[in-house]
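Asks: These are the residues of each chain, in order.
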Amino acid sequence: MNALNDSVRHPASFRDPSGFIFYREDILYRQINQVYKQNYDYLMESGLYETLIKNELLISHKAEDIPPFLPDRYYKTIRPKPLSFISYPYEWCFSQLKDAALLTLQIQKLSIEKDMTLKDASAYNIQFQDGAPIFIDTLSFEKLIPDEPWVAYRQFCQHFLAPLALMSYRDMRLGMLLRSNIDGIPLDLASQILPKITHLNLTLQLNIHMHAKSQSKYTDNVNAKDNIKKRISKHAQFAMIDNLESGIRKLKWKPGQTEWGDYYDKTNYSSGALQFKQNCVKSFISKVKPKMVWDFGANMGFFTKIATDNNIPSIAFDIDPVAVEKNYLASAKSKNKLMLPLIFDLLNPSPSIGWHNRERDSLSERGPVDMCMGLALVHHLAISNNIPIRNIAKFFNSTCRWLIIEFIPKTDSQVQRLLMTREDIFDDYTREFFESEFSQYFSIITATEIIESERVIYLMKKKIDSKP
Amino acid sequence: MPLTIILSLVYCLILAPDIYGYIDPGTGSYMLQILIASFVGILFSVKIFWAKLAIFVKSIFSKKDR
Chain A
126 MNALNDSVRH PASFRDPSGF IFYREDILYR QINQVYKQNY DYLMESGLYE
176 TLIKNELLIS HKAEDIPPFL PDRYYKTIRP KPLSFISYPY EWCFSQLKDA
226 ALLTLQIQKL SIEKDMTLKD ASAYNIQFQD GAPIFIDTLS FEKLIPDEPW
276 VAYRQFCQHF LAPLALMSYR DMRLGMLLRS NIDGIPLDLA SQILPKITHL
326 NLTLQLNIHM HAKSQSKYTD NVNAKDNIKK RISKHAQFAM IDNLESGIRK
376 LKWKPGQTEW GDYYDKTNYS SGALQFKQNC VKSFISKVKP KMVWDFGANM
426 GFFTKIATDN NIPSIAFDID PVAVEKNYLA SAKSKNKLML PLIFDLLNPS
476 PSIGWHNRER DSLSERGPVD MCMGLALVHH LAISNNIPIR NIAKFFNSTC
526 RWLIIEFIPK TDSQVQRLLM TREDIFDDYT REFFESEFSQ YFSIITATEI
576 IESERVIYLM KKKIDSKP
Chain B
132 MPLTIILSLV YCLILAPDIY GYIDPGTGSY MLQILIASFV GILFSVKIFW
182 AKLAIFVKSI FSKKDR
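Heads up: the sequence lines are chains A and B, in that order.
Residue numbers for the first sequence follow the working numbering, so the first one is 126 and each next one is one higher.
Residue numbers for the second sequence follow the working numbering, so the first one is 132 and each next one is one higher.
Check each hint, because a few of them may be wrong.
[Claimed, not checked] Calculated cross-link-like contacts (lysine-lysine; reagent style BS3-like; alpha-carbon spacing at most 30 angstroms): (1) A/Lys268 with A/Lys206; (2) B/Lys194 with A/Lys375; (3) B/Lys178 with A/Lys268; (4) B/Lys183 with A/Lys179; (5) A/Lys187 with A/Lys375; (6) B/Lys183 with A/Lys234.
FYI, nobody ran anything at the bench for these hints, they're computed from the structure.
It should be emphasised that the depicted structure is a prediction, and the values quoted were computed from it without experimental measurement.
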């Protein structure tokens, strides 16, 4: 096939005239347009690129000599180092967003030192790779115009400062506002929701409350900036960044008690059963050797860690922000670079959002993955949320090629706890029915009864000719 | 803390609420940076001064210790 015909422009890459990303034969490239030539050359020659790469702050790339995607605007094609997974700010916990914010400010500081500036400060320009945030947009750098304010300042406040302040001062769940506000949380909204005490916090007073007022003040006065003679020095730019940086560092969110936070202390597993289950997961993973694992309902990544210990990049999805926060901090502390904890509600997964619903992918569009794990999960979906077992099987069928899944029967005390507060309308919730429903979509390779319990753990392989 | 109280007053006087119209939040962000630049610039200078002073004092004591 002709290489040009096999090229697809990424649907989220259309705003910036400097260039765009495209796929050709499943490889991601970035075309740099003529209009960005000066800035790109300056980034590469000023030493800024080298500094950012050396400090692992920016994704590295190499120039590629391949036929251009759009020849009339073409300057260069580069091939960025591939990422193992794309996650979004509304899937991050507090400390992930905070680290991403601090990374953005660090890059802006280094850029100013080299007479460049970030024209974008979008949280979507950050990804988590090897356990740490990294900036992925090589075309966000432009030459600094002396004495001009930071053009991405508002975006930074909306994408980072406002959600962090809301999570810190009000409620962790307010981070989810990023899902409905693709360009960050409007500052007037943040200003209204934040408690009055934040007016006494210098960073929040200046950059959220006064900022929101300023936006409404100059709403109808677009010529104001042309009339003002005063400009902003480099020293003041560093001062602004310093103010944001120290303010963000001080924002804290202390994980409180959660339904799931001490899950492993409250389960009905004996230590023998837990060890047995761990060994089963370990042997299944060693047998399949998946390239990546998605663990749903991972809590603090207790079983996900088995995959990362086997050198497999893995995502620990959990609905509980406390569990995700604890997992992120613990993984960073133990230097587990392969673990990516993310906040994820299986009952209401991240949808496709943005222009044409194609700017940010839903989870299913980011799959399928080699292997999924669903341990101690099915009873929550089937009994607490009335999801038919067939639908659960269908979900995993469209999400993964291999599946490690656990079935916990009604007689188990944990399931009994769920049934205490609801009528038992789940006649089909039996091991036999579970196996027959999953067999429509998966071949059961191994079914192992977990010792000292009534639970069964399965290794399953997706059936290619399964029903839609 | 007193600084933020003064700022709150400035905020009420200079940035009194205005009528909403056709939204151009970019102008407000631009103007705010210019308005607060000198203020944060001075704070930053003081911060740098104190940091340097602390290093200087520390170096004197560490010399004495030797």
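Asks: Run every hint past the structure and note whether it holds.
Replies: Do the hints match the structure? See the list:
no.	hint	result
1	A/Lys268 with A/Lys206	holds, 24 angstroms
2	B/Lys194 with A/Lys375	violated, 33 angstroms
3	B/Lys178 with A/Lys268	holds, 28 angstroms
4	B/Lys183 with A/Lys179	holds, 28 angstroms
5	A/Lys187 with A/Lys375	violated, 38 angstroms
6	B/Lys183 with A/Lys234	holds, 20 angstroms
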